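Chemist: Each chain, written out:
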Amino acid sequence: MTALQNPPRVLRVESLWQRGALDFIRSPLAMVGLLILLSITLAALFAPWITPQNPYDLMQLDVLDARLAPGAHSAEGAYTYWLGTDGQGRDLYSAIVYGLRISLLVGVGSALIAAVIGTLLGLISAYAGGWVDALVMRLVDLLLSFPGILMALMILAWLGKGVGNVMLTLVLLEWAYYARTARGQALVESRREYVEAARGQGISRWRILVGHILPNCLPPLIVIGALQIARAITLEATLSFLGLGVPITEPSLGLLIANGFQFMLGDEYWISVFPGLALLLTIVAINLVGDRLRDVLNPRLQR
Amino acid sequence: MNAFQQDVRPATLEVRNLSTSFHTRDGVLPAVREVSLRLQPGQILGLVGESGSGKSVTGFSILGLVDAPGRISGGEIIFQGRDLTRLSAKELRHLQGNRIAMIFQDPMMTLNPVLRIDAQMIEAVRAHSPMSRREARQHACDTLASMGIASPEERLRAYPHQLSGGMRQRVAIAIALLHRPDLIIADEPTTALDVTIQAQILGEVQKLVREQGTSLIWITHDLSVVAGLADQVAVMYAGRIVEQGSVDAVLDRPLHPYTQGLIDSLPSRNQRGQRLRQIPGMAPNLLSMPAGCAFAQRCSRASSACSELPPAVEIEPGRSLRCFHPAVYEAGAAHGQ
Chain A
1 MTALQNPPRV
11 LRVESLWQRG
21 ALDFIRSPLA
31 MVGLLILLSI
41 TLAALFAPWI
51 TPQNPYDLMQ
61 LDVLDARLAP
71 GAHSAEGAYT
81 YWLGTDGQGR
91 DLYSAIVYGL
101 RISLLVGVGS
111 ALIAAVIGTL
121 LGLISAYAGG
131 WVDALVMRLV
141 DLLLSFPGIL
151 MALMILAWLG
161 KGVGNVMLTL
171 VLLEWAYYAR
181 TARGQALVES
191 RREYVEAARG
201 QGISRWRILV
211 GHILPNCLPP
221 LIVIGALQIA
231 RAITLEATLS
241 FLGLGVPITE
251 PSLGLLIANG
261 FQFMLGDEYW
271 ISVFPGLALL
281 LTIVAINLVG
291 DRLRDVLNPR
301 LQR
Chain B
1 MNAFQQDVRP
11 ATLEVRNLST
21 SFHTRDGVLP
31 AVREVSLRLQ
41 PGQILGLVGE
51 SGSGKSVTGF
61 SILGLVDAPG
71 RISGGEIIFQ
81 GRDLTRLSAK
91 ELRHLQGNRI
101 AMIFQDPMMT
111 LNPVLRIDAQ
121 MIEAVRAHSP
131 MSRREARQHA
141 CDTLASMGIA
151 SPEERLRAYP
161 HQLSGGMRQR
171 VAIAIALLHR
181 PDLIIADEPT
191 TALDVTIQAQ
201 ILGEVQKLVR
211 EQGTSLIWIT
221 HDLSVVAGLA
231 DQVAVMYAGR
241 IVEQGSVDAV
251 LDRPLHPYTQ
261 GLIDSLPSRN
271 QRGQRLRQIP
281 GMAPNLLSMP
291 AGCAFAQRCS
301 RASSACSELP
311 PAVEIEPGRS
321 LRCFHPAVYE
331 AGAAHGQ
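So the sequences go chain by chain: A and B. Numbered continuously in full-length UniProt numbering, the first sequence closes out at residue 303. Numbered continuously in full-length UniProt numbering, the second sequence closes out at residue 337.
So here's chain A without its partners, still in its complex pose:
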């Protein structure tokens, strides 16, 4: 009734995640990254609807259109190649959008699978201790002590090309990062008092590990996940560029860059440069988001 009355107290129910999301929005750079990432993902998802041709349906290609400069018209005059064409007369814009599909699938897919496997192994390691822990962690040390690209080349030389094989290789390389972080975090968390309290409530060890400890380990794992997606995409592009990655029937950005590489010293720079720019944009966007996630979710930086 009067101005002296206290306003009704509203209990704000916000989780750590919600607080993190609010913090995230405060960085304009990260929001730009997120926006780019979102549009790239949407473009990749809806590739057939937003591209003028399916670049890998040979029926739709016209060899007469090969190596056209950006902005050139097709021989039949039906459409404009805004980003030019490659050696087989593919519309580069379409090829890039389709290439993004494979790159993102390989990057995100392998990072997610590696995250699940690595986190599980890390948690089991921390939980079991003893020789299981020693075995898993020495394996992690072994994997991390080799340069990733070298390991990947060896594995792929043995397995052969293909999207599935590339993903398998990337998973084999990446799970170790998650395992090491998950184990360390779980060991720290398992000494916290809420774990003792949960044990005092008669909750089984496995339930405590998955239901109580894992949620507390997630923030650093998410950060690693974001950065590992970027790493996986670059690694896949490198492997494809070197001719050990995906086959020409399922081209990724790396393969597109490799295809145009022979024309780089001629005047047809666009065949390599535009896929390269697309790759660069994707990686930068993911890293912007990943860096911000690290700042927001890092418990040491939390105010």
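Among the hints, erroneous ones may be present.
As the list claims (entries may be wrong) - If you anchor each label on the Cβ, the simulated ranges turn out as follows:
#1 B:Arg133 with A:Thr80: 57 to 65 Å
#2 B:Asp142 with A:Trp206: 24 to 32 Å
#3 A:Leu242 with B:Asp26: 54 to 62 Å
#4 A:Leu144 with B:His94: 38 to 46 Å
#5 A:Val188 with B:Ser307: 55 to 63 Å
#6 B:Arg82 with A:Trp206: 21 to 29 Å
Stated by the list, open to error - Among chain A residues calculated to face chain B with C-beta under 7 Å, some are:
#7 Ser190
#8 Tyr194
#9 Ala197
#10 Ile203
#11 Asn216
Think of the hints as simulated: they come from the structure by calculation, not from any bench. Computed from a predicted structure; not experimentally measured. Even glycine gets a Cβ: it sits at the ideal position worked out from N, Cα and C.
Using the hints, position chain B against chain A.
Modeler: Frame of chain A, contents of chain B only:
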């Protein structure tokens, strides 16, 4: 008094000669040695001692929460006729949180920071009762309300960091009460709270314990809490119980010099301006304990006899003591008068 007046009801908890030690790199650390306790249904025992006296480890041992490098090295813990030291991990887990519950010291730390209160309470309920999530949530809500928590629905939806310290400890206590346990072990649960909140929580716990016939072990270093709350008190020093008995008897007529020292070191209004009396010296290092009475070095009444370990003597039914030189009171005279 004669032997026939002894309480013959079956005890909820009977601890006999419990010893717990920690095997560290520097040697074996005997944290708890030959502790014996007896607790009737509905009784409240105050377990008193300074930091490192073994009172918390005693509580953890009873609940089976002692982890490597620590282990129970001897004795029996009879809870409702079963020896807890002989139970399998699964049988023990069936009792933990269900028939025996624990309340921890720091409410900041004992609730999982990333889970909402309802998630934590529902899990605690469902660990022992086959309830649906909806029923479990309702039960959690009712239990919060019985702890005197206003708008329990709202609290259930909150995260621990959104609650005040007192509120968090009430939630922790409500979790302990979920299954109406027969025994609650409270490890200094009000130490981190301010005095008014402490008084409220003590009052509510006392009420609930009396209503439900729960036995309670209240571990504390605060004698004034024990005086107001407990029926029985056990005083621990360097891993051993040095004096045990009813609260009235022990606090009014302390026999062990350490108990006397504890009571004398409490600041009181009557002694304003005087220097507080403190017990000289420091508690011994548990890794290199003297052979005899652990308190002898700090004791004004120590004699050559104290180089041997005084046995626990039951001087009256329910009143025991480990001292060769207990205080002597004239008939009718109480300590401190």
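Chemist: If a hint holds in the structure, say so; if it doesn't, say that too.
Modeler: Okay, the hints, checked on the actual structure:
Distance hint for Arg133 (chain B) and Thr80 (chain A): a CB-CB separation of about 59 Å, consistent with the stated range 57 to 65 Å. Taken as a hint, the range 24 to 32 Å holds for the pair Asp142 (chain B) and Trp206 (chain A), whose Cβ atoms sit roughly 29 Å apart. For Leu242 (chain A) and Asp26 (chain B), the hinted distance range of 54 to 62 Å is satisfied, since their beta carbons lie about 57 Å from each other. Hint check: Leu144 (chain A) to His94 (chain B), Cβ distance near 42 Å, so the stated range 38 to 46 Å holds.
Against the hinted window of 55 to 63 Å, the Cβ-Cβ separation of Val188 (chain A) and Ser307 (chain B) comes to about 46 Å, which falls outside the hint. Our hint of 21 to 29 Å for Arg82 (chain B) and Trp206 (chain A) holds, since their Cβ atoms are close to 25 Å apart. The closest approach between the C-beta of Ser190 (chain A) and any C-beta of chain B is roughly 10 Å, which is over the 7 Å cut-off, so the hint fails. With its C-beta approaching chain B no nearer than about 5 Å, Tyr194 (chain A) sits inside the 7 Å limit, and its interface hint holds.
For Ala197 (chain A), the shortest C-beta to C-beta distance to chain B is roughly 4 Å, which falls under 7 Å, so the interface hint holds. Against a cut-off of 7 Å between C-beta atoms, the interface hint on Ile203 (chain A) holds, since the closest Cβ of chain B lies about 5 Å away. Contact between Asn216 (chain A) and chain B, as hinted, is supported at the beta carbon level, the nearest pair being about 5 Å apart and thus within 7 Å.
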